[in-house]
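For the record, the sequence lines run as chains A and B.
First residue of the first sequence? That's 850 in my numbering, and the numbers climb one at a time after it.
First residue of the second sequence? That's 74 in my numbering, and the numbers climb one at a time after it.
These are calculated hints, taken from the structure and not from any lab test.
Treat the numbers as computed from the prediction; the structure is a model and nothing was measured.
All residues carry an ideal CB built from backbone N, CA and C; glycine is no exception.
Taking beta-carbon pairs under 7 Å as the criterion, some of the chain B residues facing chain A (in silico):
id, residue
1, Leu156
2, Phe160
3, Pro161
4, Thr170
5, Pro206
Calculated from the model, a selection of chain B residues having no Cβ within reach of chain A, i.e. all distances over 12 Å:
id, residue
6, Lys105
7, Pro106
8, Ser135
9, Asp270
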Amino acid sequence: MLDLLNAWFVSPFDYGFMRRAVVGGLALSLAAPPLGVFLVLRGMSLIGDAMAHAILPGVALGFLLAGFSLPIMSIGGVLFGLMVALLAGAVSKMGGQREDAAMASFFIISLAAGVMLISLGGSSVDLTHVLFGSILAINSTALLLIAGISTLIVLILAVVFRALVVECLDPLFLRGQSRRSGWVHSVFLGLLVLNLTAGFQTLGTLMAVGLMMLPATSARFWSKRLEGLIGIAIVLAMVASTGGLLLSFHLDIPSGPSIILLAGFGYLFSALFGRYHSLAAKLRRKTTPLAA
Amino acid sequence: MSQRSLSRLQLHNLHLAQARRTVLEHLEGDFKPGAITALIGANGAGKSTLIQAIMGELRPISGEVVCTVAKERRAWLPQQLALDLTFPMSVEELVMTGSWPSHGALTGYCAAHYRKGREIMARLGISHLAHRPLGELSGGQRQRALIGRTLMQEAELLLLDEPFANVDSETVDILIRILRQMADDGATIIVVLHDMDHLRRLADEVLMLNGGHGRWVAPSALTHQHAPAQVVPFTMGGRHVGSA
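Chain B extracted, bound-state conformation:
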């Protein structure tokens, strides 16, 4: 229990519902700084609902989400399709919007912000795309730009919804490396995953949602069952793993 006081995000007997239908109940959770937690479960198991509740967008029926991270240091990377990709904004402009928490929405950027933005883009390998409009990027490049924004934001709590969907393998490698660095720097990261290979490479802990309940499992317990790294869609395998 002594570790509990350290964690940034806790779920206490959480009961969540969408449109009066219970999605999750009796959910307990403890997300520590520096840990990457994979959130898995079949479609409709409540992953998005839980993320909404953690972000404060959905009020729990009962129980509570205790989060000590300031709201502007929480970042949510939605699924790619949620963003308007034709929006006339360049990569650099997108990354720079992450600096709001430190200087407000109404004042301009200063040289230090731009320097930091350029460093971040270099880390992500998208420097050459800085002035390219978002609409012209590939899925992987766009995902890197969005991660750039969360880096700019110095996010302490980062939630990612299937960040590796529609993304090339080079981007997957870069994102996994960057996420690990962020965790090592103390960020708490929760990531919705569908792919066993990604889970094996990334997750420290796994929260599995199934039948309205959450279960914490060790990543090794999951990956051993599917020993050779392979893609297992959880829409098929979730129930089997859950009852094991």
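Okay, chain A solo, but in the shape it has when bound:
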């Protein structure tokens, strides 16, 4: 029995690439889910997806300039992501179009541009790397970058936490409180871009969103408190990223999709059996009417 446990859960980490992968996954699991929780609460769940597309051209440009160098590609991704977010905001203010419409337009343009750039300069393998990630190929530099960005995100989040909460609940109150309240939204978008940039090496630009959104949407079925939502989402993300890695190791299946699918399984499970709003919760309520 002990041997089996050892073979499944411990010995995979004898390999350096697995150790780096699991640390990278855990670091991301700390930073991404809280952002996801705020996105869900703001009714902006799809913005994460859109943003992920937005960083692609920057990543591609970095790739064209410096080859497969994570720092350069990350810087490109952050710069481009921020630029697109600002542009989308500006267009929606200017034209009176809703921000999500402007974002949707910009982001699909970005995706096409990114894929075009990478295809021009590299092979289809490079494209697969950028779009779907390669968590098993993380080197020490990449790991430091991911851990550094995750730490930064958690720290900034801690500082702006309360402002962010109030902006979610009642943006007008926040605007009344401070002339500079616009920074809260900008900081949040910046954190989002940073996080997706850290995630693209491991899960790819297309799936980095998964580790952000799925734990957050699952947590909604388990808690009604903000602290609870964030805590549960982080735990779910950690379990999914570590479990997904182990599954991919033992079953010889691709790592990124394993992680996201495991998180997706968590979501379906939560939707069926969670404490609140789940199918099971609805059935429970039917069988125990209020005592009059």
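Using the hints provided, position chain B relative to the given structure of chain A.
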């Protein structure tokens, strides 16, 4: 004119527009400390537009809003539907956010803040709900929690948009009492009302918006016409009262 210098909020020949369509013009106004002004008018008469302008959210076409109250002491209680009610926040947490002006958004609360928050919740009769999430409250309880936040904020200028809609009568009584106390403590209060009974109980002055113009009327002039306290929806009665 000597009283003018005392007032916290003045409207001078105000001209407001939404999407290039004039909503209000030649609007004059003078809101004194300690006075509760009812803002009435039919739907679309410009009540929300005027509130936006007072809060500094809408720039006037011409004229000006002169407000001597610091921005963080202005409170706006929007209509209930404007808030996301599923947000995972407790009553106490909501009330505590009102303490921002005194200590900033980034630092934590201290014991004195929590004490004040608890006192306020007791005044509003919502102490037992302190740790209940907002989503589980009734309309009246939520409205009391929101008023709690403005009390925490020590608001000197308070704008309320139909605070008594979807609210139980006990809450109406409590809110009217609290608003009167705030006014007695020197706050300037402007409240959008639709209900004659509430107007009679609450308003010191009435600003009636009709056909793009504002008219100041005495509350007694309005309530006499509808002598027994009754609910008169202004979507029906506004024009009639306005031309009287």
